[in-house]
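**Q** What follows is each chain in one-letter form.
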Amino acid sequence: MKLTPEEIARIISGELEQPKGAPAAGKIIITGAAGLKEASGTDVSYFSDSRFTGDLHKTKAGAVIISSGIPGFEKIKESIGVPLIKVKNALLSFTLILEILEKERSVRQEGVHKTAIVSKTAKLGSGVSVGAHCVVEENAFIGGGSVIFPQVYVGQNVKIGKNSKIYPQVVIRENVSIGENTIIHSGSVLGSDGFGYIKNGTLHKKIPQIGRIEVGDNVEIGANVAIDRATTGATVIGSGTKIDNLVHIAHNVRIGKNCLILGQVAVAGSSVLGDNVTLAGQSGVTDHANVGANVTVAGKSGVIGDIPDGQVVSGFPARPHRENMKTQAILHRLPDIIKSLKEKNK
Amino acid sequence: MKLTPEEIARIISGELEQPKGAPAAGKIIITGAAGLKEASGTDVSYFSDSRFTGDLHKTKAGAVIISSGIPGFEKIKESIGVPLIKVKNALLSFTLILEILEKERSVRQEGVHKTAIVSKTAKLGSGVSVGAHCVVEENAFIGGGSVIFPQVYVGQNVKIGKNSKIYPQVVIRENVSIGENTIIHSGSVLGSDGFGYIKNGTLHKKIPQIGRIEVGDNVEIGANVAIDRATTGATVIGSGTKIDNLVHIAHNVRIGKNCLILGQVAVAGSSVLGDNVTLAGQSGVTDHANVGANVTVAGKSGVIGDIPDGQVVSGFPARPHRENMKTQAILHRLPDIIKSLKEKNK
Amino acid sequence: MKLTPEEIARIISGELEQPKGAPAAGKIIITGAAGLKEASGTDVSYFSDSRFTGDLHKTKAGAVIISSGIPGFEKIKESIGVPLIKVKNALLSFTLILEILEKERSVRQEGVHKTAIVSKTAKLGSGVSVGAHCVVEENAFIGGGSVIFPQVYVGQNVKIGKNSKIYPQVVIRENVSIGENTIIHSGSVLGSDGFGYIKNGTLHKKIPQIGRIEVGDNVEIGANVAIDRATTGATVIGSGTKIDNLVHIAHNVRIGKNCLILGQVAVAGSSVLGDNVTLAGQSGVTDHANVGANVTVAGKSGVIGDIPDGQVVSGFPARPHRENMKTQAILHRLPDIIKSLKEKNK
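Chains as they are written, first to last, in our numbering: chain A, 367 to 712; chain B, 367 to 712; chain C, 367 to 712.
These are calculated hints, taken from the structure and not from any lab test. Treat each hint with caution, since some may be false.
One copy or two, either will do: identical chains are not told apart, so a pair holds if it fits within one copy or between any two.
Simulated crosslink set (PhoX-like; lysine-lysine; CA at most 25 angstroms straight-line) [stated by the list, open to error]:
#  : residue 1 : residue 2
1  : 708       : 692
2  : 424       : 708
3  : 486       : 368
4  : 452       : 489
5  : 565       : 454
6  : 571       : 441
7  : 528       : 486
8  : 426       : 386
9  : 452       : 571
10 : 403       : 708
11 : 486       : 708
12 : 454       : 572
13 : 525       : 454
14 : 525       : 572
15 : 572       : 403
16 : 571       : 469
17 : 692       : 705
18 : 424       : 386
19 : 692       : 710
20 : 489       : 571
21 : 454       : 705
22 : 393       : 424
23 : 368       : 454
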């Protein structure tokens, strides 16, 4: 990428503004992007929150994309030392520039690497890339435009939709289906057996896990995630859902659309999440629970039963967040409260 | 699998019953298995809990295996619309059918794939399968009938017993021994160095970790688990123990037989677990703790010292579950209790 | 290794002592090392803590390295049944022996395995080992003496310093730099995309993650760790920092020098840790938090904001450990306290 601030303004439909003391936008060449603090003269940055006005004053960026309508901004505008590009939503426009930069870097050659072992019964769409040392088993299908990075395992009857990206060393075991435009990061495993046993005295007899996984479109799955196949039927990850690193999704879990599942979350067997659920970091959901649509579970919380639509819950066991906060507030003052009550009761 | 309900009844030693309104069992062909809700006409399902009577009435399964002696069942039996197969334990019998279905699918070719790199000093038993892009190092031994899926790493002096299954992209580093009929899921690492350092001022000097891991027979280890080798001696996973996904077992830990270690549990260095211990999801055990036989640790709990045999503990720090429940019960009413006490003391 | 106790004493600059009843040191051959309990007659062991005097009396070790100045030790010395080697710090000296044993075992052939796919534009220093089925992409650089075990992925523009060790099945994606003498254990992923989205109605639009990771010198990273690249700029792991298994480090996190990050810890996006911070097992740090130098966070705690230098914190939300302990102490007596207060207020 080599763009002047004017060219960037055109790309993001922004309005170029030239504060008095700023160098002329026409002479600046932007080749990268960075935060206000880290940016150098060849980077474009962005400003969308008045709390970071100090960083804006000090930035060494070549140009800054700003959100229009930031309170008090017009007053200080002229004192900024770099050309500004005004848009409605600076972060959204900045993201467009990041997309251009990303595309430049991530081109992979089409075709199957000579060291990849691809079954004769597997079918690859047009423009598919299969990297070195991959294994693609019988009857797998990989949709057009998808990129399978090196050292990936694609099991029997796996179906991967169009334009998906599977990063190095992902394992997708048999009978897992993955939608379009879906991204799976390295080290993740889809299709391990669910944790299912029948107690036989003190022994645990394995219940074979012969079900599937169905992952929707526009899903992103982080690094070193583990998603178990269903005992029978399917474990489901709804379209648009984003899963962070080191998450554990047990067998027969059904996750709705556009959920956010943050780092190190665990969802136990057969639980159902509605659409737009957020599970914050290190939280957990017990087995066979129904978590309603639009629920938010705070970090480190533990859901031990059903949660109605739209609730915000926290703590362990997870309760409505406001109630939990009241208890927490008292908890920290408890030594003093008890002391005072005891003195009065002497 | 292509079986009539009669044939299934024979296999599981069950008694075929034909409710009045159900189609004739002789004309039904079963090719799969599923839960009552998901089953189609070619699936066999099972019913062992009267709470799911509603699902039984609505099921589209081709046949249903039922546990004998479910209270009130004889009254409703004739209204069920599918042939029934009565057995002592429906889930156990259903599991036998799942085993037949699983066997059909998981056949792998014997022998060493041409891209696998197997040391000349490694020894493979009869019928062993070593998949594509595997690496098997010096003096490794793989027992007869074991299946090493593609892209697995088997280190020096590793010993794997008979009829074990190592799924794609497992790492078994040097001097780890694994028993018979043991299953290790993708992404798991056995034999990483324990987290051991000597403090030297502010620096941390590494203590070399030259010990082993000993995994027993009939163990199952989930996906993306990490088990560290011992500093010296061995980290031990007892026979019959089942470990879920993303579990962390530190160096020199000794886990007894037939334990259940659920998702995202951590057991810190040198701790010892007796037989038949259950550690529920996201719980943790501190280092150098002794957890007695038949102990159950509730989800998200943290064990910070020894626990006597047979106890059920919960909370952090983990205490006897009943005591912890009493505290929890008061905790949630605390704002009201304190308010009321304060008013009386005005 | 085949050494007499005298030779070991020479290597670790210790003083050989021969208790009356112990076999002659000159006739003992040491070939291994082990703890007091597990040691056999060909092992050297160590003793540095009087709590383990019982184990010392019963040990079957061939020789024991002991710390000088253990209270009361001179009295019992003559009753020990094995030759002793007195040094200042027995664990430190024992570690030297472990290092000798480790070196014997971990020799790998120099050079690039014939099945490794190494880009023509990659550069390897002298004595580098690249194992079977590795992939090394364009413009990667691997410093002299570094060992890349089999099945590792080294992405474009990755830089690995001298004498580092990358164990099997590590993924290092593009633009990640790693220092000298750094160790990364199997299954770890460096450079997955950070979890960054812009909310667009109910949809989550991906923010491309085009930043880097910078890992310092003498760092050790455990198994199945996930470290995300920065959105822009760099995620930083300071020199001398040690990270245990299954840890999650989010994008743009900056970790200081010589920190200890224990098993299953999570650090959320953009948080900053000072030098010498310890995060104990299963603890978490929220996003955009500043954790000061020399802070210790207890196991399972959750840091939800800034923590000043030097504090020890625990609980969730994490508070100064002493205060938290006071609350905890009352908590467990709460049912009794409340009961007693209620009776007085009848």
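**Q** Next step is simple, just say for each hint if it's right about the structure.
**A** Evaluation of the provided hints:
no.	hint	in the structure
1	708 <-> 692	both (22 angstroms within a copy, 16 angstroms between copies)
2	424 <-> 708	neither (56 angstroms within a copy, 53 angstroms between copies)
3	486 <-> 368	neither (44 angstroms within a copy, 27 angstroms between copies)
4	452 <-> 489	neither (48 angstroms within a copy, 44 angstroms between copies)
5	565 <-> 454	between (60 angstroms within a copy, 15 angstroms between copies)
6	571 <-> 441	neither (72 angstroms within a copy, 32 angstroms between copies)
7	528 <-> 486	within (20 angstroms within a copy, 31 angstroms between copies)
8	426 <-> 386	within (16 angstroms within a copy, 75 angstroms between copies)
9	452 <-> 571	between (64 angstroms within a copy, 21 angstroms between copies)
10	403 <-> 708	neither (54 angstroms within a copy, 52 angstroms between copies)
11	486 <-> 708	neither (80 angstroms within a copy, 78 angstroms between copies)
12	454 <-> 572	between (57 angstroms within a copy, 18 angstroms between copies)
13	525 <-> 454	neither (40 angstroms within a copy, 39 angstroms between copies)
14	525 <-> 572	between (27 angstroms within a copy, 23 angstroms between copies)
15	572 <-> 403	between (55 angstroms within a copy, 22 angstroms between copies)
16	571 <-> 469	between (50 angstroms within a copy, 16 angstroms between copies)
17	692 <-> 705	both (20 angstroms within a copy, 12 angstroms between copies)
18	424 <-> 386	within (16 angstroms within a copy, 75 angstroms between copies)
19	692 <-> 710	both (24 angstroms within a copy, 21 angstroms between copies)
20	489 <-> 571	neither (37 angstroms within a copy, 30 angstroms between copies)
21	454 <-> 705	neither (56 angstroms within a copy, 49 angstroms between copies)
22	393 <-> 424	within (20 angstroms within a copy, 73 angstroms between copies)
23	368 <-> 454	within (24 angstroms within a copy, 62 angstroms between copies)
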